[in-house]
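These protein sequences, in sequence, are chains A and B. Its first residue numbered 1, the first sequence is counted upward by one per residue in UniProt numbering. Its first residue numbered 1, the second sequence is counted upward by one per residue in UniProt numbering.
Hints may contain errors.
Pairs count within a copy or across copies, as identical chains cannot be separated in the list.
[To be verified] Mimicking SDA-like on lysine to any residue, the simulated pairs with C-alpha atoms at most 25 angstroms apart in a straight line are:
id	residue 1	residue 2
1	LYS99	GLY86
2	LYS99	GLY147
3	LYS330	GLU82
4	LYS99	ALA39
5	LYS99	SER169
6	LYS330	SER292
7	LYS66	MET45
8	LYS43	ARG270
9	LYS104	SER69
10	LYS104	LEU62
11	LYS99	SER115
12	LYS104	ASN31
13	LYS43	ALA278
14	LYS99	GLU116
15	LYS330	ASP279
16	LYS43	ARG17
17	LYS99	SER117
18	LYS330	ARG247
To be clear, the hints were calculated from the coordinates, so they are not data collected in a lab.
Each chain, letter by letter, is given below.
Number of protein chains: 2
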Amino acid sequence: MRPRKQHRTPTLEDVARVAGVSRATVSRVVNGVATVDAALRLKVMAAVDTTGYRPNNAARQLAGRKAGSIALVISGSDGSAEQVFGDPFFGRVTGGVVKHLRTKGIHPTLVLADSESARGEAVDYVRRGNADGALLVSTHADDTLPGLFVDAGLPAVLFARPALHAPISYVDLAHEVGAALAADRLVARGCRRVATIAGPIDVPAAQDRLSGFRQAMARHGEPYAAVAYGNFTLESGELAMADLLARTPDLDGVFAANDLMAAGALRALRDAGRAVPADVAVIGFDDSAPASTSTPRLTTVAQPLEEMAAEMSRLLLDQITHAGTEPVCKIFDPHLVLRDSA
Amino acid sequence: MRPRKQHRTPTLEDVARVAGVSRATVSRVVNGVATVDAALRLKVMAAVDTTGYRPNNAARQLAGRKAGSIALVISGSDGSAEQVFGDPFFGRVTGGVVKHLRTKGIHPTLVLADSESARGEAVDYVRRGNADGALLVSTHADDTLPGLFVDAGLPAVLFARPALHAPISYVDLAHEVGAALAADRLVARGCRRVATIAGPIDVPAAQDRLSGFRQAMARHGEPYAAVAYGNFTLESGELAMADLLARTPDLDGVFAANDLMAAGALRALRDAGRAVPADVAVIGFDDSAPASTSTPRLTTVAQPLEEMAAEMSRLLLDQITHAGTEPVCKIFDPHLVLRDSA
DNA sequence: TTGAAAGCGCTAACAC
DNA sequence: GTGTTAGCGCTTTCAA
């Protein structure tokens with residue numbers, strides 16, 4: 001005696017019985033295979049409804065087709081996990097991914113790859129068929145993970161262009177455009193002595209923001225704006241600002257490559273007795289939390305992270321269904337958020 | 001002809017062949033069933049090593065045992081997703097979960113439940129066997145989700161005590177203790193007129209922080225500290241502070257129920273020309289990003305979120321392996337992080 | 001204690 | 001176009 005048969009969740013078999021067809025036909029309908037008689041298809045769809053049938057992912061996976069899930073891999077240098085997760089950037093990207101994927105009825109599996117061996121395992125995880133593909137979010141641009149996925153021939157899409165060129169799809173921001181937005185705004189408000197606090201030179205995004213800023217300033221007839229480097233932390237921004245102030249005392253505008261450094265700049269400026277934006281205008285990048293909690297609140301360049309994340313998911317899904325397509329990259333435009341600092 | 005047989009990932013069958021035993025025996029060894037001859041067990045383990053065998057989750061799941069994965073469900077009111085994910089709180093909890101689970105070789109699946117129907121689907125997801133249990137992180141305390149899991153008899157553990165009492169395990173912070181830490185600090189620095197900015201009364205954590213603060217102040221002989229309410233946003237903190245200042249002009253210390261409201265208080269205080277901490281000392285709660293980016297930097301009460309998240313995962317895993325155990329709750333102690341505001 | 005064998009729910013040849 | 005059938009890798013009675 002099989003107990004509680006009626007409490008079982010309905011299977012393909014059940015639907016087939018109700019519709020009066022074979023399992024195969026139901027499978028075809030459920031998977032949208034074209035070669036099915038219209039009348040039968042309707043009957044099957046009705047049966048699916050009445051039974052409340054939902055495909056069993058494990059069975060699908062085992063039968064050798066799709067896993068019905070994708071991996072969201074967070075990669076980074078050893079032990080950088082704490083830092084990654086504490087950054088709202090990660091949360092916003094994750095949110096965008098989850099939200100988009102949910103409309104397709106799929107839930108991402110979170111895989112942490114914060115060591116070389118963990119990266120290998122992440123690839124294995126997907127290779128084993130636990131996921132149909134991977135969304136890769138790296139903290140460091142020179143990450144080895146994208147390469148591993150490319151080599152394994154597994155569907156994968158990156159958030160942000162990899163430092164090492166690889167044939168892989170990615171979404172990214174038009175960083176130069178964002179930097180130009182900032183430069184233009186500074187010049188438009190009448191700043192004549194503009195400097196910038198750049199991020200680490202080995203981070204592509206930081207490079208792009210710097211070069212975008214320089215080019216924009218050159219267009220405004222100021223090709224030699226002062227530059228100080230930071231590492232994206234508040235403290236480094238504070239130091240860089242102090243440095244800039246020492247080198248260019250008459251400076252009246254600053255563009256920082258991220259909000260945290262801009263917040264640090266605000267601190268240094270206050271300590272130096274300069275009013276913001278009256279004496280010095282400041283613009284940040286990212287529109288992250290510090291931008292709205294700092295005093296004054298930061299004018300900043302915002303990234304459509306959620307949209308980018310959704311697009312990243314879309315690209316991956318496409319790549320999974322249409323195997324063997326060429327890598328694609330989608331670049332998004334940032335916009336300026338005007339607040340009180342510039 | 002079966003192609004590329006050698007590139008297949010090893011199965012139980014392969015291990016069995018190498019070890020010279022049956023699949024059943026290998027299965028027993030792999031699953032730690034006691035009734036296996038010691039010698040055979042060793043042989044099997046060796047075979048597992050040489051073949052590099054790893055169990056296939058889909059097959060396990062299909063065969064009716066464990067899914068080998070757990071769901072991390074983010075619940076909240078309709079459309080609150082954006083907000084949730086942008087908050088580093090979520091990221092830190094997620095990080096703690098992922099990090100702990102990884103040591104057990106399992107990866108959480110992220111499930112968003114930001115509507116009543118989505119909550120139903122989240123329960124279904126687990127009921128269908130896609131996950132062995134769920135970790136529930138709610139934005140609102142009166143969430144229906146915990147109840148749904150309890151009713152379905154599915155293993156689940158909550159982050160934070162639910163407003164509606166339910167027989168379910170959870171981890172939480174000793175909020176009263178944290179509030180007392182703040183009160184004590186304020187009194188110890190010599191504040192004589194202390195007020196508090198409380199959070200929404202329907203949030204258990206906010207209630208606890210308020211009552212903990214009041215009790216501590218009562219112990220110091222000040223049972224009637226002024227209270228203003230906010231909703232955890234910076235703006236609400238600013239408003240509440242202005243209100244407090246109007247009602248209690250000679251106030252010299254403030255405890256805000258979270259850092260964002262404390263940052264707002266800082267703003268109001270600056271506008272009112274009060275120096276912090278010289279005129280008015282301020283203490284926040286959470287040790288979140290604004291605490292270290294504000295000026296002055298906030299002295300605040302810190303929660304060991306990652307530890308709490310790890311413990312939450314541990315409780316769930318326990319509950320999964322030892323079915324039918326009583327709900328457990330683990331309360332963690334906060335600590336004071338001294339910075340510049342008090 | 002160990003092995004043989006029956007599925008778990010589904011997909012994909014292959015035959016009709 | 002549709003049905004039949006052979007697995008996918010694993011767990012788990014049931015015998016031995």
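So, going through the hints one by one against the coordinates:
1. LYS99 to GLY86: both (20 angstroms within a copy, 13 angstroms between copies)
2. LYS99 to GLY147: between (27 angstroms within a copy, 24 angstroms between copies)
3. LYS330 to GLU82: between (29 angstroms within a copy, 22 angstroms between copies)
4. LYS99 to ALA39: neither (35 angstroms within a copy, 51 angstroms between copies)
5. LYS99 to SER169: Close inside one copy (20 angstroms), not across copies (28 angstroms); limit 25 angstroms.
6. LYS330 to SER292: Neither: 28 angstroms inside a chain and 35 angstroms across chains, both beyond 25 angstroms.
7. LYS66 to MET45: within (21 angstroms within a copy, 31 angstroms between copies)
8. LYS43 to ARG270: neither (73 angstroms within a copy, 71 angstroms between copies)
9. LYS104 to SER69: both (10 angstroms within a copy, 20 angstroms between copies)
10. LYS104 to LEU62: The answer is both: 21 angstroms in one copy and 23 angstroms across copies each meet 25 angstroms.
11. LYS99 to SER115: between (28 angstroms within a copy, 12 angstroms between copies)
12. LYS104 to ASN31: within (14 angstroms within a copy, 35 angstroms between copies)
13. LYS43 to ALA278: Neither, since 72 angstroms and 77 angstroms both go past 25 angstroms.
14. LYS99 to GLU116: Intra 30 angstroms, inter 15 angstroms, cutoff 25 angstroms: inter-copy only.
15. LYS330 to ASP279: Close neither inside one copy (39 angstroms) nor across copies (53 angstroms); limit 25 angstroms.
16. LYS43 to ARG17: Cα proximity of LYS43 and ARG17: one copy only (11 angstroms, versus 47 angstroms across).
17. LYS99 to SER117: between (30 angstroms within a copy, 14 angstroms between copies)
18. LYS330 to ARG247: neither (39 angstroms within a copy, 55 angstroms between copies)
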